[in-house]
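Q: Next come the chains, spelled out residue by residue.
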Amino acid sequence: MANDQSPLPRNDAAAGGAVTVHLPAVLIRLFPAAERDVGLNAATVDELVDGLDARWPGMRDCICDSTPAIRRHINVFVDGRRTVLDDLVAPGAEVYIFTAMSGG
Amino acid sequence: MSERVVLLVGTKKGAFIFEGNPERGAWKERGPFCETWPINHVVADDAGTIYAGGGNAWFGPAVWKSTDMGETWTHSSAGLAYGEGVEPISSVWSLAARNGRLYAGVQPAGLFESEDGGETWRHVEGLTNHPTRAEWTPGGAGLILHAIIPHPQDERRMWVGISSVGVFYTGDGGETWEPRNRGTRNDYAPEDQRYPEFGQCVHSIAMAPGMPDRLYQQNHCGMYRSDDGGQTWQSIEKGLPSTFGFPSAAHPRDAETLYLMPLNGDQVGRYVPDGKAAVWRTRDGGVHWQAMRAGLPQENAYFGVLRQAMATDRLDPAGIYFGTSDGTLYASTDEGEHWTAIAAHLPLIHSVETMAVGA
Chain A
0 MANDQSPLPR NDAAAGGAVT VHLPAVLIRL FPAAERDVGL NAATVDELVD
50 GLDARWPGMR DCICDSTPAI RRHINVFVDG RRTVLDDLVA PGAEVYIFTA
100 MSGG
Chain B
0 MSERVVLLVG TKKGAFIFEG NPERGAWKER GPFCETWPIN HVVADDAGTI
50 YAGGGNAWFG PAVWKSTDMG ETWTHSSAGL AYGEGVEPIS SVWSLAARNG
100 RLYAGVQPAG LFESEDGGET WRHVEGLTNH PTRAEWTPGG AGLILHAIIP
150 HPQDERRMWV GISSVGVFYT GDGGETWEPR NRGTRNDYAP EDQRYPEFGQ
200 CVHSIAMAPG MPDRLYQQNH CGMYRSDDGG QTWQSIEKGL PSTFGFPSAA
250 HPRDAETLYL MPLNGDQVGR YVPDGKAAVW RTRDGGVHWQ AMRAGLPQEN
300 AYFGVLRQAM ATDRLDPAGI YFGTSDGTLY ASTDEGEHWT AIAAHLPLIH
350 SVETMAVGA
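In order, the protein sequence lines correspond to chains A and B. Quick note on numbering: numbering that gives the first Met the number 0 labels position 94 of the first sequence as 93, and the sequence is numbered without any gaps. Quick note on numbering: numbering that gives the first Met the number 0 labels position 160 of the second sequence as 159, and the sequence is numbered without any gaps.
A couple of the hints might just be wrong.
[Stated by the list, open to error] Taking CB as the label site, the calculated pair distances span:
(1) A33(A) / K237(B): 51 to 61 Å
(2) G141(B) / E34(A): 31 to 41 Å
(3) R100(B) / H21(A): 39 to 49 Å
(4) R80(A) / E2(B): 53 to 63 Å
(5) A24(A) / R100(B): 30 to 40 Å
(6) D186(B) / T19(A): 55 to 65 Å
(7) V85(B) / P31(A): 25 to 35 Å
(8) G125(B) / P31(A): 32 to 42 Å
(9) Q230(B) / R54(A): 48 to 58 Å
(10) G103(A) / E154(B): 35 to 45 Å
The hints are simulated quantities; they were obtained by calculation from the structure and are not laboratory data. Beta carbons: idealized from backbone N, C-alpha and C, even for Gly.
Just chain A, with the same shape it has in the complex (with noise of 0.2 Å):
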């Protein structure tokens, strides 16, 4: 049987796990404050870019617009697949914020 790669569905409202999210240089240079590399939990990519945004206020409009969705030029890959707010996302996923070729 191949390996499922989907997150498993979540039918209980337990907090989400920690995940690890990787922030692009460009992001830092808007907020000198943050960290390459970022521990937090979430348990969809909403919750996870709130948690960006409760550490680094202003962070979230940076990501997201007022859709709200991820904001067209910017990339969110949470285990090598990308998704929007709504996707979840694992205990121990690794996930990369990039900005898109096509906003440079």
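Starting from the known structure of chain A, arrange chain B on it as the hints suggest.
A: For chain B alone, kept in the frame of chain A given last:
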């Protein structure tokens, strides 16, 4: 200490600051600031705090702020947003400061205000809620609120300019607004629809010094003057080389003097007419015009000057400054009689404003 002029320049790749000596020479250039973001407008308030509004394709809109003449900057976009499901704001295009309050015009067109020095912003919903809103259509560069003209004394009164929508006015602090475009033209409509209530493409608005109800307007289709706060406009384009241009700058003291930079036309390249640069000056409220060319290139000049890229200082004689699409900054220190290029090779210049220091 003598008063010195500082030029605040917004460009496609960041904000720049130029500081002159008391003679308005020996300009020292610093920048680019704001992480080389596209910066559409840079202004200063009465306390000398500098604000730069722009938008980045990755990270969206923000207003940048410096309290130390550009040495360090912070940025904020808190509250610079419409509601869910509405097209998000992509950029800040205009800024204005009045009595401790800041205003920001954005794309898609709307107005925001801040009472805490740009840290947080509140949407001025009255303008967005105007009954005409559903019919606003974007101009060539987008649906942009690019001009904010606060009344200097009466905080309830303000005019804004929106590309391809027109001039709107509030007399009650932004609760309600009305279009003020009577007499301005839309050439791109059937003949019997050329003077609509709204939909004209205002490019810039200048307020006459000491006469807040005297407004000048450079439109996509013509140049105009109003003596009643924009309720009615009269054409002042006779004598100018075209009806198309972007910036306008009022004299600091003389209500009858205005500076414009007409371009050759909107469909023939949008550069200075015949490849010869001139700033056009009126001394009588637009009845007569004079081309001021000394020191400006008179052949093979194919640049334009954008809607916020010309300004005057408050010294005597008045200084006038403009920035071009090819990244050159020009200055006159004698009311426009003579011009000098004071900087070159800047990124495309979006805006030029002045501030005074050391007074």
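Q: Hint by hint, note whether the structure agrees.
A: A quick look at each hint next to the structure:
no., hint, result
1, A33(A) / K237(B): 51 to 61 Å, "holds, 58 Å"
2, G141(B) / E34(A): 31 to 41 Å, "holds, 36 Å"
3, R100(B) / H21(A): 39 to 49 Å, "holds, 40 Å"
4, R80(A) / E2(B): 53 to 63 Å, "holds, 60 Å"
5, A24(A) / R100(B): 30 to 40 Å, "holds, 36 Å"
6, D186(B) / T19(A): 55 to 65 Å, "holds, 59 Å"
7, V85(B) / P31(A): 25 to 35 Å, "holds, 32 Å"
8, G125(B) / P31(A): 32 to 42 Å, "holds, 38 Å"
9, Q230(B) / R54(A): 48 to 58 Å, "holds, 52 Å"
10, G103(A) / E154(B): 35 to 45 Å, "holds, 42 Å"
Of the numbered hints stated above, none is contradicted by the structure.
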